[in-house]
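Asker: Residue numbering for the sequence shown is 23 to 395, as defined by the numbering used here.
Careful, some of the hints might be misleading.
Stated by the list, open to error - The following label-pair restraints were derived from C-beta to C-beta distances:
id: 1; residue 1: Asp350; residue 2: Arg294; range: 43 to 51 Å
id: 2; residue 1: Gln333; residue 2: Ser173; range: 41 to 49 Å
id: 3; residue 1: Ala324; residue 2: Glu229; range: 34 to 42 Å
id: 4; residue 1: Leu289; residue 2: Lys322; range: 31 to 39 Å
id: 5; residue 1: Gln257; residue 2: Val122; range: 16 to 24 Å
id: 6; residue 1: Gln257; residue 2: Arg294; range: 19 to 27 Å
Stated by the list, open to error - DSS-like, lysine-lysine: derived pairs with alpha carbons at most 27 Å apart:
id: 7; residue 1: Lys222; residue 2: Lys320
id: 8; residue 1: Lys210; residue 2: Lys222
id: 9; residue 1: Lys197; residue 2: Lys247
It is worth saying that the hints were derived from the structure and are not from the lab.
Everything numeric in this text was worked out from a predicted model, so none of it was measured.
Where a beta carbon is used, it is the ideal one built from N, C-alpha and C, also for glycine.
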Amino acid sequence: MAERYTFQITALTMRTHNDYCLILAGGIGKRLWPYSRKDKPKQFLDFFGTGRSLLQQTYERFTKFIPKENIYISTFEDYVPLVREQLPEVAMNNIFSEPVQLSTAPAVAWASYFIALRNPHANVVVTPADQHIVDEGLFAEQVGEGLDFVSEHSDFLVLGVKPTMPHTGYGYIQKSDICCGERFLRVKSFAEKPSEDFAKMFMESGEFIWNTGLFLWNVQTMKRKWSELMPMVAQHVERNGDNLHHKQVVELLKEFYPTNLHLSLDLVILERSTNVYVRECQFGWADVGGWSDLYEVKNKDADGNALVGSQRVILSASKENLINLPGDTVALIDGLEGCLVSLNDKVLVICRNPELVRRLSSEARMQFGEEFV
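All chains, please: the whole structure from these sequences, using the hints.
Answerer: Take a look at the structure:
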């Protein structure tokens, strides 16, 4: 099995220079507070004890089959120094700096516009920086097949995986019977973060798969969306032409970047577009979006306890806890069950429902100030 994956990755390093990757790394990561903080959010943290942050792992995953010079990072301008520190090999021109933190659609529109200037034949895969991939060999193979698909079709493609539980925090994509080849099916409908009853119904039907947030397209396909996502930019380009240098693109970004366009890429593609296909993948995937998601993918002891950070923890009569402590912390815990324990930079959170973390973060900000967020 190992030899098979080695061969696949080697073959994929020879892919066309038209393949590009955009890594989205501008979020705040509030659902992983207090470990994820506004000055150093989750994409810059090491959750798995590998010595590599989620951003670094994502970047390295794609360098196995996409040229390094074709990999771009989109992030909030305050996080550019963190990107430079963790990925010093990435050229400054390959980092897109957002002046404000919006949702993913504006960031992707800008990046696609710039990539199209560089290569009008570019095929782009967009990925969040906070994903856990089990089989990276199969991942490279199936993303490569997706890039081949969008190079030949004027359609968007989203990669999905089969649900393993009725998760209410994921998006559910309904497959249609309209196919393009064996593996690519037209998207019939999309439901974002359904209730538990609907999530269970979707899962049992066999018609729905989870949205991984991995989107692919040729830049000419995305070009038709620019006027919807960036109307001021589209008007400027129409008047003045689109043969811009990087510095001019940055100036245009600062002048016209919307301050209130909170559109997610998921909704723009999956709800507002009709030319969308989905590929069900088998590489093993999880979103590291919140504490519950992290608990699912972390290694656990015989009592179901998972540790993030410090390994100097003694647990007695305790089970199914997620313990996140600084690396030099010693902790002795007795009689705790089903809790999140997280300590970071003067903030300690102990709670039974990790989904309350965002609310707790807001309460801390209101009562104690911004430094605790």
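Asker: Next step is simple, just say for each hint if it's right about the structure.
Answerer: Cross-check of the supplied hints:
The hinted window of 43 to 51 Å between Asp350 and Arg294 holds, with their beta carbons roughly 49 Å apart. Checked against the given bound of 41 to 49 Å, the beta carbons of Gln333 and Ser173, roughly 46 Å apart, stay inside it. Evaluation of the 34 to 42 Å hint for Ala324 and Glu229 yields a pass: the beta carbon distance comes to about 38 Å. The beta-carbon spacing between Leu289 and Lys322, approximately 35 Å, falls within the hinted interval of 31 to 39 Å.
A hinted range of 16 to 24 Å holds for the C-beta pair Gln257 and Val122, which are about 20 Å apart. For Gln257 paired with Arg294, a C-beta distance near 20 Å keeps the hint of 19 to 27 Å intact. Pair hint Lys222 plus Lys320 holds up; C-alpha atoms about 24 Å apart against a cutoff of 27 Å. This hinted pair checks out: Lys210 and Lys222 have alpha carbons roughly 18 Å apart, not beyond 27 Å.
As the CA atoms of Lys197 and Lys247 are separated by approximately 23 Å, the hinted pair is consistent with the 27 Å bound.
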